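Protein chains: 2
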Amino acid sequence: MFGSQEGRAPPRDLGPLFDPRSLAILGASATPSKWGYWLARSALKGVKRRSVFLVNRRGQDILGQRTYPSLSDLPQPVEMVVISIGAPGFEQAVDDALAAGARAIVAITAGLGEMGRDGRAIEIAVTEKVRAAGAVLVGPNCLGVADTGSKLDLASSEFGVGSIGLISQSGNLGLELAITATEAGVGFSRFVSVGNQADLGVTELIEAYAAHDQTRVIAVYAEDFRDGRDLAEAAARARDAGKPVILLTVGSSRAGARAARSHTGAMVSASVAVDAACRASGMLRVRSPRQMIELAQGLLMLHAPRGRRVGIVGDGGGHVALAADMVTELGMALPLLTDELAARIGATLPAGAATRNPVDLAGGGEQDFFNFERTVRALAASDEVDAVLLTGYFGGYSQESVDFARRETQVALGMAGAAEESGRPLVVHTMYPASPSIRALRSRHVPVYSDIQSAVDVLARLVERSEQPPSGVPALPAPHATQPVPESYFEARDLMAAAGIPFVKACQVTKLTEAQAAAGDLGYPVVLKALGTSRKSDRGGVQVGIAGEGALEAAFMEMKVRLKPPAFSVERMAPSTDGVELIVGVRRDPSFGPVVVIGMGGVYAEVLQDVAVALAPLTPEVAEQLLRSLRGAPLLIGARGRPSLDISAAVRIAVTLSQLAVDRSDIAEIEINPVLVGREGTLALDARIVRMGGGR
Amino acid sequence: MFGSQEGRAPPRDLGPLFDPRSLAILGASATPSKWGYWLARSALKGVKRRSVFLVNRRGQDILGQRTYPSLSDLPQPVEMVVISIGAPGFEQAVDDALAAGARAIVAITAGLGEMGRDGRAIEIAVTEKVRAAGAVLVGPNCLGVADTGSKLDLASSEFGVGSIGLISQSGNLGLELAITATEAGVGFSRFVSVGNQADLGVTELIEAYAAHDQTRVIAVYAEDFRDGRDLAEAAARARDAGKPVILLTVGSSRAGARAARSHTGAMVSASVAVDAACRASGMLRVRSPRQMIELAQGLLMLHAPRGRRVGIVGDGGGHVALAADMVTELGMALPLLTDELAARIGATLPAGAATRNPVDLAGGGEQDFFNFERTVRALAASDEVDAVLLTGYFGGYSQESVDFARRETQVALGMAGAAEESGRPLVVHTMYPASPSIRALRSRHVPVYSDIQSAVDVLARLVERSEQPPSGVPALPAPHATQPVPESYFEARDLMAAAGIPFVKACQVTKLTEAQAAAGDLGYPVVLKALGTSRKSDRGGVQVGIAGEGALEAAFMEMKVRLKPPAFSVERMAPSTDGVELIVGVRRDPSFGPVVVIGMGGVYAEVLQDVAVALAPLTPEVAEQLLRSLRGAPLLIGARGRPSLDISAAVRIAVTLSQLAVDRSDIAEIEINPVLVGREGTLALDARIVRMGGGR
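So the sequences go chain by chain: A and B.
The working numbering numbers the first residue of the first sequence as 217 and each following residue consecutively.
The working numbering numbers the first residue of the second sequence as 217 and each following residue consecutively.
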């Protein structure tokens with residue numbers, strides 16, 4: 217089901233897609249409101265580099281260019297064919313394209329989806345033919361392809377030249393990203409609108425972009441993931457090649473539809489599985505097109521921050537105070553500068569300047585623009601900060617006069633140079649993003665934002681990235697055939713116990729007398745559970761702290777009448793003092809495979825939503841990272857006067873459970889909630905397994 | 217210390233400040249790089265409406281206008297004087313201004329702060345003179361005043377005409393807000409840069425703006441709060457007058473400096489006290505200038521949403537899917553449209569359109585722009601949603617041709633009209649914010665954003681506002697003299713118990729034999745606490761679940777050696793089953809007075825940070841709202857199979873403690889952590905009081 221690196225096919229040659237020596241537009245049009253017109257016009261921009269043929273049934277001239285009535289009338293074979301005709305003629309068009317020599321086909325054709333089953337059958341048939349011919353197909357239902365390096369524009373979006381490689385499942389979002397990037401002064405190396413991904417998909421394109429020199433950052437908008445593990449592996453390899461992948465996806469609003477049968481099932485939505493894949497692969501998830509471009513700006517900087525210490529510079533108290541609040545709220549540090557550095561910074565500033573960090577030039581910037589450069593340079597060159605954040609008015613002086621603009625630009629270039637020389641990043645917020653001095657900063661890859669929150673958010677993201685390298689995408693073994701996995705409570709306990717997980721003592725009973733005998737053996741206080749119901753505790757099927765026979769009888773009879781369970785479990789009451797309850801679970805996601813969730817457990821699990829997720833199987837290192845990332849981690853570690861608990865035993869349980877879920881591909885959900893972590897060892901207090909397609 | 221409504225002075229006449237019949241600029245300059253030049257130039261814009269006199273020692277002409285060597289040389293009295301000269305001449309300048317008849321003085325003069333104590337003394341002396349003369353003073357150290365209605369511009373920022381009344385403690389942030397607002401197509405009614413607030417402060421200006429017809433939204437940037445309760449009361453009255461107050465403030469990064477002596481002290485920072493004031497007054501807190509303008513756009517809409525159901529419209533799957541995710545992630549609802557409404561919407565759309573919500577026109581918008589209007593109108597007019605969100609390409613068609621722009625603008629006006637007629641808001645995200653059709657939307661007060669996240673954030677904020685009316689700013693009684701409040705553990709318990717708070721049984725002991733006797737009386741298991749240390753549990757000064765004499769001896773001796781406490785408390789161990797531990801505390805904030813914090817308690821208090829805050833004293837209604845707003849509220853309410861707990865008893869404790877803190881103005885911090893909430897009643901398990909200026 218899930219790919220592994222060994223099974224990976226060698227990369228296909230995508231040269232004909234991104235830099236064809238010749239191309240034909242099938243369905244070129246002379247009517248300016250039609251897509252076939254825009255395509256022709258865009259394609260013709262590249263005629264100096266390649267032959268462009270326009271194919272139109274009626275044979276009329278288009279944009280002063282002669283056309284051909286069919287692909288078979290072309291005077292020479294073509295490397296690429298763009299198909300921009302209706303769904304009914306699509307299959308024949310692909311045949312014709314291959315016959316015309318096409319090694320790459322871009323299928324704009326929409327409407328196959330509306331043909332239902334037939335449309336899908338056509339896609340499959342066409343893809344087989346394309347692959348058999350050693351060609352590649354983009355789409356159908358795509359909005360085109362662009363390569364700014366090879367001057368290929370088959371998208372008619374205004375993609376400026378730059379280093380972002382874009383892969384998008386939505387044409388309009390691709391367009392919004394193009395517009396936003398232009399405003400931000402960054403551009404694109406390549407763009408592919410993948411459409412229905414009949415042949416070429418997101419994963420293969422990530423691989424191709426990772427090997428593409430002009431691409432430095434890969435931006436992906438994906439609405440669905442085929443084999444999510446393969447995609448995550450490709451993203452991890454791209455990251456290792458120095459090409460980080462930024463991911464924008466959708467679908468969380470649809471998640472509510474799926475009924476969960478365990479707490480784990482409820483907590484590990486498709487969106488949470490994506491988070492786990494990001495953690496493993498180093499993909500950087502964003503929530504909006506704006507965020508995507510803002511983060512890309514940060515990633516295109518020459519240097520990344522190597523720590524969380526930020527030096528803030530501005531010419532005005534309000535701006536630096538706001539920035540200081542945001543920096544600390546996002547967990548970065550604002551170190552107090554040393555006397556020596558503060559004195560150096562203050563030397564050319566007015567008496568009222570703040571020189572300890574944040575640095576407020578207090579009018580010193582307006583007096584002499586070069587004070588901005590001196591201050592940024594002193595901070596960047598020092599060992600006291602890892603990044604410099606400039607905020608506020610800088611950029612605005614250029615408005616006043618040509619001379620001011622010249623001097624301000626000189627200062628901008630000086631600041632960019634200071635950052636380059638120091639190896640420390642400079643991030644800028646300005647009220648005047650369109651000024652020449654700001655353009656100068658951007659030309660030197662300094663990221664500039666007109667919203668201070670964006671500047672600080674990106675900086676925080678870069679710091680987090682430098683501090684938390686991805687854990688790696690774990691390989692999944694081929695699933696081996698076994699007995700069907702059991703779902704009943706005691707069988708689930710047995711399966712987990714056999715894997716080495718320690719459980720609290722329990723007896724299955726059906727009658728009150730059996731329950732009383734079991735309680736006598738175990739010793740009061742005991743716990744009574746009504747079996748046969750999922751999420752027992754949510755339905756009043758668990759009574760803890762039963763102190764004696766009378767209480768046991770009352771609880772037993774009440775549950776029997778209300779829940780009519782097929783059986784009960786009588787269990788020893790675990791000592792609650794000093795211990796912490798966790799939930800550990802795994803859910804098999806249709807795209808990303810088994811995903812582990814660890815969190816504060818018991819009744820707190822879904823209430824507090826204090827959880828961390830990762831792709832299974834876990835290594836002990838990743839399991840410990842997850843535990844330590846919980847808000848409730850101080851309770852485990854032993855802060856605030858509490859004893860330190862047995863984290864390594866909790867790690868063992870998580871690793872074991874994740875391995876169990878990986879080994880048994882018929883496990884849909886598996887969880888222990890709660891597992892009690894004590895000073896020595898752990899004790900599982902409940903168990904639940906949901907079979908693939910099974911369960912109540 | 218804190219004002220109450222009874223003591224409120226009648227409002228002063230600020231007419232001379234915002235619409236003077238005559239004004240003089242003291243320190244006007246002919247040098248274009250000087251502030252006195254900009255001021256003169258800006259002031260002269262209003263000459264049709266008022267007399268403007270320029271005062272310059274050297275008497276040279278400025279901007280072709282004659283000048284006067286001093287205020288006493290003016291040909292007539294002036295209603296307003298702007299002082300733009302150095303600090304040394306400031307006091308004399310104020311005397312001269314008053315002598316010249318000034319009823320309003322705007323003091324740009326900076327540098328008094330750098331004069332230290334002397335500067336402050338001058339401010340106080342000057343303020344007394346100004347008030348004695350029945351005049352008002354803005355500043356010193358301010359950047360001016362503007363009133364777009366009266367064409368008064370003494371700020372030389374480009375404030376467009378509109379309905380936002382701005383009060384700012386930072387000149388540059390005022391400028392950034394002006395720029396951001398212009399981009400967003402909204403403008404200002406008034407602007408005051410308050411500077412040092414020697415006389416006129418933020419609170420008095422909020423009151424004046426609330427009574428100003430052209431002002432519809434009040435935006436405040438404040439760096440410090442004098443009497444925060446007065447300010448909150450003014451904001452609450454402004455809100456009641458239909459003028460919501462948006463607040464941007466700073467200082468959270470400085471909060472770390474204060475050492476906390478209780479959990480409450482650690483949790484109620486100055487920033488948290490501001491949150492409590494916002495909750496009480498209905499002030500809307502924002503985090504950045506960008507957010508401030510974005511929210512103002514939303515508040516300037518003609519209609520507010522009356523519920524959380526959102527209908528989403530776009531022409532493309534990616535955009536509507538993104539919007540749908542964001543809407544649900546922020547807790548709003550995406551109701552499935554009825555068959556009837558979906559059929560009506562789908563009637564003119566292509567077969568592939570999604571008509572259930574989100575509505576994806578699937579090319580139907582491009583085919584016929586009026587499909588946007590039909591869909592928005594159908595949604596707005598239905599009873600199935602409370603607001604309509606349009607996202608994506610709309611606005612972009614205007615680029616194609618003059619005819620497209622005309623038709624798209626017609627559609628825009630139709631959509632605005634549909635929203636107006638329905639009484640339901642329309643919020644728009646577009647990739648083309650500068651297009652004529654978008655300008656048309658803005659002219660009809662439809663808020664438009666170029667970032668979909670901004671559009672959804674604002675909508676969520678407006679929904680929250682409609683659903684959670686402010687609780688009101690509670691009045692503070694005059695503090696009455698009492699015995700100094702005690703700080704020791706048993707005295708603190710006694711004080712709270714006398715107020716009606718039930719405490720667990722406890723005995724103070726110093727010797728082991730006393731401890732053993734006490735434990736015998738109380739019955740094992742017991743709890744042993746080492747007294748005399750703040751935040752006992754953080755320092756290992758609390759041992760729970762001591763089961764017998766041997767364990768008691770061990771715990772006693774260990775703590776005695778390690779902590780050397782002056783005394784111990786032996787307490788009955790409270791039953792932990794089914795109960796929930798809360799923290800309830802009050803901290804006296806220097807600006808906002810007593811602030812209550814309620815949260816998940818015990819060891820979880822600071823770890824989970826699941827808290828809610830409000831100004832003291834609490835009403836039972838507010839106390840219950842706080843409890844129900846906790847993430848852990850389901851544990852109290854009895855969701856997920858747990859018994860419902862005695863919320864009204866928890867409410868009583870919070871109300872009582874808040875009243876105690878209000879009555880006793882020498883209480884700096886008071887808290888119970890934890891208080892155990894059971895099925896019937898509550899039990900306080902610890903107590904702590906920190907005296908003003910006292911404590912260890």
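It is possible that some hints are incorrect.
Pairs involving identical chains hold if they fit within one copy or between any two copies, as the list cannot separate such chains.
Mimicking DMTMM-like on lysine to aspartate or glutamate, the simulated pairs with C-alpha atoms at most 20 Å apart in a straight line are [as the list claims (entries may be wrong)]: (1) Lys250 / Glu616; (2) Lys250 / Asp619; (3) Lys727 / Glu636; (4) Lys250 / Glu582; (5) Lys721 / Glu797; (6) Lys727 / Glu769; (7) Lys727 / Glu683; (8) Lys776 / Glu765; (9) Lys250 / Asp584; (10) Lys261 / Glu769.
These are calculated hints, taken from the structure and not from any lab test.
All values reported here derive from a predicted model rather than from experimental measurement.
Status of Glu683 relative to Lys727 across identical chains (alpha carbons, at most 20 Å): Neither: 57 Å inside a copy, 51 Å across copies.
Same-copy or cross-copy closeness of Lys250 to Glu582 [CA-CA at most 20 Å]: The answer is between: 11 Å across copies meets 20 Å, while 53 Å in one copy does not.
Check Lys727 against Glu769 for me: Cα-Cα at most 20 Å, and say if that holds within a copy, between copies, both or neither. within (10 Å within a copy, 44 Å between copies)
Indicate which option fits the pair Lys250, Glu616 if close means a Cα-Cα distance not exceeding 20 Å: within, between, both or neither. between (46 Å within a copy, 12 Å between copies)
Between copies, within a copy, both or neither: which fits Lys727 and Glu636 at Cα up to 20 Å? Answer is neither: 77 Å inside a copy and 68 Å across each miss the 20 Å cutoff.
Checking Lys250 and Asp619: alpha-carbon separation at most 20 Å within a copy, between copies, both or neither? This pair counts as between: shortest inter-copy Cα distance 16 Å, intra-copy 49 Å.
Homomeric proximity label, Lys261 with Glu769: Cα distance no greater than 20 Å: Cα proximity of Lys261 and Glu769: none, with 85 Å in one copy and 89 Å across.
When Cα atoms must be at most 20 Å apart, do Lys776 and Glu765 count as within-copy, between-copy, both, or neither? within (16 Å within a copy, 41 Å between copies)
Checking an output row: Lys250 and Asp584, CA cutoff 20 Å. Within, between, both or neither? This pair counts as between: shortest inter-copy Cα distance 14 Å, intra-copy 56 Å.
When Cα atoms must be at most 20 Å apart, do Lys721 and Glu797 count as within-copy, between-copy, both, or neither? within (17 Å within a copy, 28 Å between copies)
In the structure shown, a violation is registered for the earlier hints numbered 3, 7, 10, in ascending order.
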